[in-house]
Amino acid sequence: MPGIVSSVAYVRLGAPDLDVQEQFLQHFGLVRVLRDDKRLYMRGISDAPFIHVTELGESGVIAVGYHVNPDVPIESLEQRFGAKVEPIDEPGGGKRLVLHDPNGLHVELVQDRDTVDELPRRNALRGSDGISKDRGPSRIEKLVHTAYMTTRMSETIAWYQENFGFLPTDELYVGEPGNTLGRFLRTDCGEDPVYHHVLFIFRGEKNGLHHASFEVERVDEIFTGGDHLHELNYDHVRGIGRHALGSQIFDYWMSPFNVMHEHWSSTEKMNVHSSFNEIKIGSGMVHDSGEAPPERFVKQASPILSGAAR
314 MPGIVSSVAY VRLGAPDLDV QEQFLQHFGL VRVLRDDKRL YMRGISDAPF
364 IHVTELGESG VIAVGYHVNP DVPIESLEQR FGAKVEPIDE PGGGKRLVLH
414 DPNGLHVELV QDRDTVDELP RRNALRGSDG ISKDRGPSRI EKLVHTAYMT
464 TRMSETIAWY QENFGFLPTD ELYVGEPGNT LGRFLRTDCG EDPVYHHVLF
514 IFRGEKNGLH HASFEVERVD EIFTGGDHLH ELNYDHVRGI GRHALGSQIF
564 DYWMSPFNVM HEHWSSTEKM NVHSSFNEIK IGSGMVHDSG EAPPERFVKQ
614 ASPILSGAAR
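Numbering-wise, the numbering used here puts 622 at position 309 of the sequence shown, and it's gapless, one number per residue.
Derived EDC-like pairs: lysine to aspartate or glutamate, alpha-carbon spacing no greater than 16 Å straight-line: (1) Lys519 to Glu468; (2) Lys582 to Asp483; (3) Lys408 to Asp384; (4) Lys351 to Glu335; (5) Lys408 to Glu391; (6) Lys408 to Glu421; (7) Lys351 to Asp402; (8) Lys408 to Asp425; (9) Lys351 to Asp332.
Using C-beta positions, here's what the derived DEER-type ranges look like: (10) Asp430 to Ala605: 41 to 51 Å; (11) Gly491 to Lys582: 24 to 34 Å; (12) Pro400 to Ser619: 19 to 29 Å; (13) Arg448 to Ala396: 45 to 55 Å; (14) Ser619 to Asp430: 34 to 44 Å.
Just so you know, the hints here were simulated from the structure itself, not pulled from any lab data.
Just so you know, even glycine gets a beta-carbon here, dropped at the ideal spot from N, CA and C.
Generate the whole structure from the sequences, applying the supplied hints.
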């Protein structure tokens, strides 16, 4: 039977300046949906009402939202989790049930959100002027995964697998098997294909968000969007490169408030029958293609905020 979570819906961050945050996110490739004095909602070009929320305040991560499988009524989860379903007073509406993972991160299970019209995609046809139109920010489809550093790795992995039915895809270890560095988890959608992971959990000296990853319309959007961000002198962390696990093309950028955002593209998918692998790695995950990760990438962890998720 498929798991109760079908995909990731959005990430909810905190930032002390919504003007600066919105400017970065627009150049990164997101589009404003709604903004008031306290919150900023951003979307991609797909039909999700929003995929990124910023709340005014301390910098860090507040929550991550996940779509509940349509075959699982969200009300049926109240007794299981000891939490109440509430209406969502945000773009797209719907229902929400809020949990807390072992690190204190708010986890928002959502269902029945309205969809919206998709936005125009990049025109691949060159016009009569002979000038390429591939300029400007990346066109982002959706949020595809998040990654976390934690001091409670085994407990956190077990929590997501047992509560949401996440499946293990790959486990990284150093030295001998059992000396686990991290594990990639994917959603269980039965026979339907899903991406390599919806969540990566790895051990470290603190608890925090490593990055939030956003799928672009097509792989060349990573290059054009990266050029755009370089021209504006935004803080580039790592890339462009390719993760061997999942065959993902990546490029990592730091927001002005030290939360890492990833441009991402992948063609490799899996389903419930795909195998679980244990993989030995060297220091710095040298199995990836491209430049070795800098120390700041390996140690990155934006704080988990204790404020109440909305």
